[in-house]
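> Residue numbers (the working numbering), protein chains in the order written: chain A, 1 to 387; chain B, 1 to 601.
If you are wondering where the hints come from, they were derived from the structure by calculation, not from laboratory data.
This one's a predicted model, so the numbers in the text were calculated from it and none came from an experiment.
Warning: the hint list may mix true and false statements.
Said to hold, decoys possible - Just so you have them, the derived chain A footprint on chain B, three or more residues with Cβ under 8 Å:
id : segment
1  : 15-23
2  : 63-73
3  : 556-567
Where is the CB? At the ideal position from N, CA and C, for every residue including glycine.
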Amino acid sequence: MQAEQKNNRRDFLKGAVTGLGFGTLATMGMFSYSPMRSIFLPQTPREMSDFGAVKSVKVTNISETSWFDNATLMGDMKGAGGLLVNQYLYNWPPFGDGTGLAKGSYERGIAKIKHLLPNRLEEAWDIVKENSVNPQNAGGFAALVEIEHLDGQKKKYLLDSGWSYEWMDEAFKREGIDKMLQNGEIEALIISHEHFDHFWGLPVTLKYAPNIKMIIPDGFYKEGLQYIKDSGHTGELIVHKKGRNDIEPGFCAYTFDVPIICRVFGELSLFANVEGKGLVSITGCCHQGIIQFISTAKDELKYDNDKMYGIYGGLHISPFDDWDPKYDDLVISMEKWDFSVIACNHCTGVLTAEKFLRAGYPVVEGTARHRSKSHAYLGNGDQITFG
Amino acid sequence: MNLSQLYPASFDGSMNSFKSFMRAILTKSSYDSTLKKITGFKGVFLNQQGNECWTLKFESFPGIFGLILGEAKEGVGKFYLYYFPSPEDSMIERHSLIEGAMAQEGDYIKKVRSFPNFPMFLSHFYISTLTLSIDFLENSLIVLYETATRDRIYAKDGVKSPFKQDEFIIKPDELDKDLPSFRILLPFMNFFNSAITRLSNTPPSSFQIYKANKKSIMYDKFGNMEEKKDLIPLNLWLALSYGKENENGIETLLKPLTKGKNAQKIHEKMSLSSFFQKAPWLCTKHETFNYPLLKKDYLKPRLVVIAGFLGSGKTTLLQQYIEHETKKNRFIGIVQNEIGKVGLDGKLLDYNYSMVEMDEGCVCCSLSGQLRSGINTLMKKAVPDTILLETTGVANPFNLLQELNELDDLVDLEGIITVVDASNAMYASKEFTVFNNQIRAADVLLLNKIDLLDNEELEEVELFLKENNRCAKVLKTVGCDINPNLLLQSIGDTTAQMASLLLEDEDSPTNHIQDGISSVKINMQKPLKRSEFKEYLSMLPPNIYRVKGIVQFENEPTQSIVQYVHGEYEFLNQYEEQNSEAFLVYIGKKLEDLKPILNKL
Chain A
1 MQAEQKNNRR DFLKGAVTGL GFGTLATMGM FSYSPMRSIF LPQTPREMSD
51 FGAVKSVKVT NISETSWFDN ATLMGDMKGA GGLLVNQYLY NWPPFGDGTG
101 LAKGSYERGI AKIKHLLPNR LEEAWDIVKE NSVNPQNAGG FAALVEIEHL
151 DGQKKKYLLD SGWSYEWMDE AFKREGIDKM LQNGEIEALI ISHEHFDHFW
201 GLPVTLKYAP NIKMIIPDGF YKEGLQYIKD SGHTGELIVH KKGRNDIEPG
251 FCAYTFDVPI ICRVFGELSL FANVEGKGLV SITGCCHQGI IQFISTAKDE
301 LKYDNDKMYG IYGGLHISPF DDWDPKYDDL VISMEKWDFS VIACNHCTGV
351 LTAEKFLRAG YPVVEGTARH RSKSHAYLGN GDQITFG
Chain B
1 MNLSQLYPAS FDGSMNSFKS FMRAILTKSS YDSTLKKITG FKGVFLNQQG
51 NECWTLKFES FPGIFGLILG EAKEGVGKFY LYYFPSPEDS MIERHSLIEG
101 AMAQEGDYIK KVRSFPNFPM FLSHFYISTL TLSIDFLENS LIVLYETATR
151 DRIYAKDGVK SPFKQDEFII KPDELDKDLP SFRILLPFMN FFNSAITRLS
201 NTPPSSFQIY KANKKSIMYD KFGNMEEKKD LIPLNLWLAL SYGKENENGI
251 ETLLKPLTKG KNAQKIHEKM SLSSFFQKAP WLCTKHETFN YPLLKKDYLK
301 PRLVVIAGFL GSGKTTLLQQ YIEHETKKNR FIGIVQNEIG KVGLDGKLLD
351 YNYSMVEMDE GCVCCSLSGQ LRSGINTLMK KAVPDTILLE TTGVANPFNL
401 LQELNELDDL VDLEGIITVV DASNAMYASK EFTVFNNQIR AADVLLLNKI
451 DLLDNEELEE VELFLKENNR CAKVLKTVGC DINPNLLLQS IGDTTAQMAS
501 LLLEDEDSPT NHIQDGISSV KINMQKPLKR SEFKEYLSML PPNIYRVKGI
551 VQFENEPTQS IVQYVHGEYE FLNQYEEQNS EAFLVYIGKK LEDLKPILNK
601 L
């Protein structure tokens with residue numbers, strides 16, 4: 001292209017082009033050709049299906065402190081070779097075999113404690129402490145979800161079983177979960193995803209109810225499936241495929257086929273439609289990203305008032321880094337959904353939760369007890385009722 | 001190859017399966033900081049409103065790459081790749097005038113984020129088709145790119161200027177569009193191939209390039225389109241197979257695409273092919289090629305220096321930084337150095353983060369060599385993605401540059417961020433030479449606490465910053481609330497070197513001893529009365545510039561953090577479980593004359 005013409009082009013683009021409108025472009029002799037003119041993309045309509053309604057949902061935070069020191073955890077991950085390394089290789093509790101960071105295996109780890117599961121957990125944890133990398137850093141995530149049906153009937157579900165046997169047993173006793181399990185009051189144990197801090201404390205649940213029904217999302221690796229057996233589970237195991245899976249009228253699970261760090265695949269989140277209020281979303285970590293999580297609900301579920309009523313759990317903005325940092329912000333992305341009740345903790349980030357508060361979002365403050373870090377979190381031992 | 005390493009769930013060849021497959025690769029790539037660094041991958045946005053699309057950015061191009069799944073059948077998925085130039089992009093002159101005009105519209109970048117929802121965007125800006133042929137039974141994968149060396153459109157009758165009669169923007173028979181599509185495709189291709197190679201731990205089993213002459217398009221003043229013979233543009237097909245070598249599979253894919261085009265294979269020895277032999281994702285028969293680079297997990301961390309005067313908000317920035325990076329599962333190392341001979345800022349951080357504190361004085365005067373050992377200590381446990389060096393409030397960054405440059409073997413120096421307290425800037429600039437040096441050394445100036453100023457005052461400060469540092473980008477914040485990626489984007493690679501050059505003009509950089517600043521630490525034995533302490537703070541003379549520390553007030557369950565800057569102060573409650581020795585650090589001029597005041601508590 002000649003220099004003069006290049007200048008003309010630049011001036012034209014810089015200049016009044018926005019004021020011209022595309023109509024006038026043709027009169028200048030400008031046309032557009034595109035090889036993609038015929039591209040046809042199938043449209044996906046919003047299919048909102050009705051899954052019933054409940055009267056209320058109560059969530060008890062058994063533990064949201066998955067680990068106690070971020071630096072230790074991230075240091076282990078980096079030291080083991082990065083975020084995509086298989087979690088069973090870390091030599092983290094309970095699968096430590098004494099060989100040190102990144103040299104572990106499920107088989108060697110479980111061999112040391114299998115004979116003690118699920119009943120002799122104190123002895124097992126003593127062995128684990130000997131052989132694992134940073135056992136003191138393990139905590140766990142678990143929550144009790146109580147559904148109240150329209151007729152007043154109540155059902156209890158356990159979401160996740162934490163990580164450390166020691167910490168989780170203490171937390172279960174603190175909230176009376178041990179008794180509920182023993183009495184058969186809990187319908188099922190739902191595991192949100194295969195991550196160490198949500199799943200590896202499984203024997204603590206099984207100690208009190210070995211035959212409990214278990215629900216897991218599709219995508220568990222063979223080690224995880226074997227651990228369910230080795231932990232002494234004798235009840236029914238249900239695998240939720242990608243998409244919506246109903247649990248009770250007004251209460252369903254949704255499996256997202258998302259890759260997660262530490263070689264985990266798939267996360268399941270819970271939805272409840274609270275009569276007269278709207279949708280309540282309950283999540284473990286929300287690795288699929290809050291945007292995908294909520295837009296999926298919007299596209300596929302029918303709920304009262306077409307309103308996002310409440311949310312509980314750890315909120316991840318997105319598994320991706322946005323190329324535009326302006327949008328890479330949980331505070332901004334939460335704004336458009338207009339929640340009435342936000343109860344967040346776990347992986348949300350204390351500063352982010354505090355920013356929610358400053359931005360005037362309806363964050364339910366907690367009591368910051370039992371090692372929860374901030375009042376901006378719905379902390380360990382705190383409860384919230386939606387509806 | 002083991003395809004389940006890329007995608008462990010069940011794959012049925014549907015549109016949804018292909019979308020999930022692509023999403024899985026992009027998600028895993030986002031977790032892989034080594035891959036990002038090698039390929040210059042700067043991030044992706046997933047849009048799921050309407051048609052799912054991905055928009056990506058790479059270091060080497062200012063514009064945005066768009067990716068969408070167009071069709072899927074019989075195990076073959078076709079993705080279309082777009083390039084949306086940024087409005088200031090030089091590439092915009094190679095796009096057609098229509099595309100250039102679209103890029104000038106105010107909401108252009110916003111629309112790009114969900115481009116399939118806008119037909120004009122979907123039909124323009126196209127650069128390549130990416131075909132994936134996936135066979136889970138055979139564990140094989142074919143990746144095929146179709147593109148052109150040049151995408152050309154001629155304007156037979158020219159395009160006239162709407163402003164001046166008889167002046168042409170494009171003269172008759174000249175080019176409206178002359179886009180080097182293949183060149184633009186390269187960063188994406190390099191990224192995507194590297195991702196597959198690295199995530200599956202398998203180099204491609206074959207790599208071939210085919211070419212054919214490509215006809216250009218010409219339109220006349222009525223909008224009639226015709227093909228035009230052109231010697232220069234070529235169609236290119238670049239095919240990789242993973243798993244077993246799959247000549248047949250590649251041919252089956254190519255056949256309909258190259259029909260009637262007389263496509264020829266480009267021989268391995270020819271220039272284009274040999275150019276690719278150096279690509280990090282390709283390992284041919286020679287072991288010395290670059291595929292092992294992709295197996296490497298260790299890359300140098302980047303080092304970001306945080307400077308800023310006393311009380312400007314450096315620790316707050318650090319907290320924001322840590323939380324952001326932690327949520328992105330990235331690992332941060334912190335090197336702090338505190339003039340008050342006590343690791344106070346370490347205690348002020350909510351996070352017990354991987355941290356090395358260097359307490360013996362100030363990095364800028366006495367610590368030569370200690371920075372290296374600090375960073376080495378930090379890296380002994382694990383190599384962080386980023387190391388933040390928080391300098392003391394009275395450090396002159398110019399004194400650091402020499403040592404920073406010598407750390408080249410350990411870290412990549414990213415740049416210097418100086419936090420400026422807007423409310424105190426004009427005062428500090430008159431009183432302290434070090435303050436002005438901190439501004440001049442910065443690659444990015446974070447103008448903090450802007451809520452304390454009115455517009456006129458803010459303008460005055462901004463003007464002052466401009467006068468002292470024309471190169472640095474100024475970002476305005478309250479409470480240092482900023483996305484660290486925005487900071488990093490603002491740091492140019494060369495700016496630290498520029499500061500280094502500036503240094504050569506300076507005879508003797510100033511340090512804080514010349515400014516007469518010193519510090520005193522006082523341990524507090526007994527709880528204080530809150531009201532008395534407030535009164536005490538409000539009476540401090542102006543030569544005490546900064547007081548910070550941890551105190552216990554009478555009848556209060558938790559300790560409080562004291563932050564005092566130049567007459568302003570605040571108390572923050574500590575969490576219950578945090579309980580440390582109570583103390584105050586005073587920083588200011590001529591403290592030795594102030595013993596009576598200091599001893600008053």
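> Against each hint, give a clear statement of whether it holds in the structure.
Results for each hint:
1. 15-23: Coverage by chain A holds for the segment 15-23 of chain B (3 residues, Cβ < 8 Å).
2. 63-73: Since 3 is at least three, the answer is holds.
3. 556-567: Not satisfied, violated; 0 residues make the cut.
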